[in-house]
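Protein chains: 2
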Amino acid sequence: MRILRIWPTSLWTPSVFQMSRMAQNVYIFSGVVCYLLYYEYSYISSKRIAHYYSSKPQPHQFTILVRGIPVSSGSSCSETVEKFFTEYYPSTYLSHSVVRRTNKLQRLTSDAKKLYRRLVHLKSETNPQRRSIRDGFCGLFGHKVNVLDHYGKKLETLEDNVRMEQLSVAGKEVPAAFVSFKSRLGAAVALHIQQGTNPTEWVTERAPEPQDIHWPFFSSSFIKRWISKLLVVVAYAAVTILFLIPVVIVQGLTNLEQLETYFPFLESILSLTVVSEVITGYLPSLILQMFIAFVPPIMIMLSSVEGCISFSQIEKSACIKMLCFTIWNIFFANALSGTVLYRFDIFLDPKEIPGILADAVPAQLLIVYAPKYDTGGRFWPTVHNSTIFSLVLMHIIAIGIFGLKNLSLASSLIVPLPILTLLFNEYCRKRFLPIFEDYPLECLIKKDRQDQNDPTIAVFYNKLSTAYEDPALMPIRHPRSTDDHNSPLLQAGV
Amino acid sequence: MRILRIWPTSLWTPSVFQMSRMAQNVYIFSGVVCYLLYYEYSYISSKRIAHYYSSKPQPHQFTILVRGIPVSSGSSCSETVEKFFTEYYPSTYLSHSVVRRTNKLQRLTSDAKKLYRRLVHLKSETNPQRRSIRDGFCGLFGHKVNVLDHYGKKLETLEDNVRMEQLSVAGKEVPAAFVSFKSRLGAAVALHIQQGTNPTEWVTERAPEPQDIHWPFFSSSFIKRWISKLLVVVAYAAVTILFLIPVVIVQGLTNLEQLETYFPFLESILSLTVVSEVITGYLPSLILQMFIAFVPPIMIMLSSVEGCISFSQIEKSACIKMLCFTIWNIFFANALSGTVLYRFDIFLDPKEIPGILADAVPAQLLIVYAPKYDTGGRFWPTVHNSTIFSLVLMHIIAIGIFGLKNLSLASSLIVPLPILTLLFNEYCRKRFLPIFEDYPLECLIKKDRQDQNDPTIAVFYNKLSTAYEDPALMPIRHPRSTDDHNSPLLQAGV
Chain A
57 MRILRIWPTS LWTPSVFQMS RMAQNVYIFS GVVCYLLYYE YSYISSKRIA HYYSSKPQPH
117 QFTILVRGIP VSSGSSCSET VEKFFTEYYP STYLSHSVVR RTNKLQRLTS DAKKLYRRLV
177 HLKSETNPQR RSIRDGFCGL FGHKVNVLDH YGKKLETLED NVRMEQLSVA GKEVPAAFVS
237 FKSRLGAAVA LHIQQGTNPT EWVTERAPEP QDIHWPFFSS SFIKRWISKL LVVVAYAAVT
297 ILFLIPVVIV QGLTNLEQLE TYFPFLESIL SLTVVSEVIT GYLPSLILQM FIAFVPPIMI
357 MLSSVEGCIS FSQIEKSACI KMLCFTIWNI FFANALSGTV LYRFDIFLDP KEIPGILADA
417 VPAQLLIVYA PKYDTGGRFW PTVHNSTIFS LVLMHIIAIG IFGLKNLSLA SSLIVPLPIL
477 TLLFNEYCRK RFLPIFEDYP LECLIKKDRQ DQNDPTIAVF YNKLSTAYED PALMPIRHPR
537 STDDHNSPLL QAGV
Chain B
57 MRILRIWPTS LWTPSVFQMS RMAQNVYIFS GVVCYLLYYE YSYISSKRIA HYYSSKPQPH
117 QFTILVRGIP VSSGSSCSET VEKFFTEYYP STYLSHSVVR RTNKLQRLTS DAKKLYRRLV
177 HLKSETNPQR RSIRDGFCGL FGHKVNVLDH YGKKLETLED NVRMEQLSVA GKEVPAAFVS
237 FKSRLGAAVA LHIQQGTNPT EWVTERAPEP QDIHWPFFSS SFIKRWISKL LVVVAYAAVT
297 ILFLIPVVIV QGLTNLEQLE TYFPFLESIL SLTVVSEVIT GYLPSLILQM FIAFVPPIMI
357 MLSSVEGCIS FSQIEKSACI KMLCFTIWNI FFANALSGTV LYRFDIFLDP KEIPGILADA
417 VPAQLLIVYA PKYDTGGRFW PTVHNSTIFS LVLMHIIAIG IFGLKNLSLA SSLIVPLPIL
477 TLLFNEYCRK RFLPIFEDYP LECLIKKDRQ DQNDPTIAVF YNKLSTAYED PALMPIRHPR
537 STDDHNSPLL QAGV
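Residue numbers (this note's numbering), protein chains in the order written: chain A, 57 to 550; chain B, 57 to 550.
What the hints contain is simulated information worked out from the structure, not anything from laboratory work.
Treat each hint with caution, since some may be false.
All copies of an identical chain are treated as equivalent in the list; a pair is satisfied when it fits inside any one copy or across any two copies.
[Claimed, not checked] The calculated lysine to any residue pairs, modelled on SDA-like cross-linking and capped at a C-alpha distance of 25 angstroms, are: (1) 486 / 248; (2) 486 / 136; (3) 285 / 472; (4) 486 / 144; (5) 280 / 353; (6) 238 / 339; (7) 486 / 247; (8) 228 / 319; (9) 486 / 446.
Bound-form chain A, shown alone (with noise of 0.2 angstroms):
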């Protein structure tokens, strides 16, 4: 009712040609962003196979990660594995990793490493006030004591902690473990095809590359992870609903006549100019902004709880999410305001295409990250889908609006225009998203052959064995020698 107030139909009634004008314009619009997404898939996956041809060999693509593996009473996880693999894979199967439960150890060797920087921070302090302390309550009473030495007898303290730890965990094991193949199609072989008999045992993953590993996650068993993804589900719900109630309170803030009937003593303050403009114009955006700024820490969390297994998927995950949160909110918020109309006017009046893209393309839906994991491309489908998404979308919106406009026939010409466009993401599914998913075999094998001509391959195997291991579990040494100062902080693996 509202958008036929702003644009009474009487006063214009579109021809014929004019309505199937409007039409025709979305499927121009809709046509060239199918031919770029095609294009583009195209090219993104000949520069992902391009790219996995020119990489030197990575722990990642000969490794992969097991779950859920079968320990019997009588063995160890480590046992089992390397009893399967050897059984299973007797010409591929390199080396295994077991992953333990090191939360504890992790604290404390991130205390030691804390702690020692401190240390070393301290030997570079040239005036000797600041090298000693008192050792009573606060450190204001008591006996003075070189801080050097203090500090120095509390890392030991913490690094005998860290080694009994160390000692300790070699029992906690996970029913988990990062298994090497000497050969990528032997990795991929493992990947592809169900292990075991049970389907909930021998469960196989992509490996991450080592230094992206989310350690802790592998604390929780296959039921524990299957109830916490559904959790996650319900809570990622919740609170995209709930997100709702400030922008609500931000679309009752911007309405001044409402806050003065419902608080009335505000009258005399609301009418000073300054107030009222801080609050119709300051205060909503800065309450959206703040609750806006809390969501993708939220995002992140529910997605380190889901269970991934390394920061990229945390972060593909979270990012993922927050797509459809701001999708769902944005389009809830504009229709809740009503400009959902103004990026559907500009095909009621096509001369101005040009000029509203050649405004609004060169503002931007150009930031550059830099890349922390190697995905070789992977986020394009994301991309791609939500392209897709925002393409059907905008069909449903024309065809309501053309509707509700009375512009029937526009409206009944765009009827085909979302069923053709999934149509297309269905085939560029078929066609390009196996690639984003997996290499081919043609593509590991020629990389596998490759490396047999290759010298240093037998240094690799070797790195490789050791590529996974968890760096809590790695020997701690702190040198003490004040000589050190340049030396690394942690000798190893920290």
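Dock chain B against the given chain A, drawing on the hints supplied.
Only chain B this time, still in chain A's reference frame:
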């Protein structure tokens, strides 16, 4: 409103206790069904694995179907397949059979087969009169000729045509081939890992048993099959919805009063007890049965157009179509006639449940079929899913009916039940479904190792390399001597 008329709420207002008892009955029933489903799924899974372990080497365990072979202009399809698989599977590749366009050849061989049967039948004929016909118009005029000679010449001509067509068919290659491997693992690797960099090329799928292949399907291309699949979905939806028309007509026939109003001249005839009994009692079920009898052949026709590669796939697909059709139509027919209430009244009077079940169960939800194709229990997931669907449908109807009867507590107590049932189904999908999709690596390797010690495996490999030849391409030879009455009709492959 109709339901309220049958059972006015004013007559009985159930207490909170009674309402929770009703809900409790639905919970107990669903719980028992889920327990039985879980037990059955687990039992059939173990049977499936045991059946696999006890099976002899069979061609379809070692063979895959490859489609979308990228034939370059210089070489034939057969050469391309040979080159690809000898390069990437040097140790496990055994042989291949390229599929050829044999529609015409199949028609010719089937004609020759029929003619030969007729000839054999005539040879066994003792009456010499019947061994001669006239060679003129419709066999009525012209010279009398020996019918044996006549048919013999005709058969010779046909056989010559078959041989010529066999020669010309050699060039009519379809870009598809059955590729056989020396081990089950080799076939599994080729099946599960994407082969080429373009996912629409070298598409692999499981090969059916050789005698189960539906050869005519191969003539169509990827895009043709995709379109025909789409058309089948539309046709299926149309058939399913249009079937409501006879259902509505049948519903009309049971209402004599309405018939008399529309056709007043029938009043005198309808007043006869015999006529009214036939019309209301016999005619509706006759019409409905007649229409229902048409449905399975229609479904089989739709499934064979769909592009299934084997008869068993056609039957499975037709069965699933029939199942959905029946559920949809029976549910609607029931909903229209209001009899859906019958089954749910049992929850309102829990004491009758055992009695009703005791009556209903032995009356059946037991038909034994002779197995034509060995699916190894692969149909069970369909049965499981249908049962889950029925359970959830029951919950939704129960929520609706309890709501209509103002038993709002009972209604809302049941709300979590469909969600729990779907979660249970999700767990079963994770726990059992992969076993029905493919055999695990453990089984494959154990079976492969058994074969290595089997002295007959060389003979099996020999058989395997010709198992997937199109029967239409086999040499045709019909023995002519009159002593050959008891020899097989066609020497090879037909």
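Structure-based check of all given hints:
no.: 1; hint: 486 / 248; in the structure: both (18 angstroms within a copy, 15 angstroms between copies)
no.: 2; hint: 486 / 136; in the structure: between (39 angstroms within a copy, 23 angstroms between copies)
no.: 3; hint: 285 / 472; in the structure: between (37 angstroms within a copy, 19 angstroms between copies)
no.: 4; hint: 486 / 144; in the structure: between (32 angstroms within a copy, 23 angstroms between copies)
no.: 5; hint: 280 / 353; in the structure: within (23 angstroms within a copy, 48 angstroms between copies)
no.: 6; hint: 238 / 339; in the structure: neither (61 angstroms within a copy, 74 angstroms between copies)
no.: 7; hint: 486 / 247; in the structure: both (21 angstroms within a copy, 16 angstroms between copies)
no.: 8; hint: 228 / 319; in the structure: neither (62 angstroms within a copy, 86 angstroms between copies)
no.: 9; hint: 486 / 446; in the structure: within (20 angstroms within a copy, 32 angstroms between copies)
Checked against the numbered hints above, the structure violates hints 6 and 8; every other hint is satisfied.
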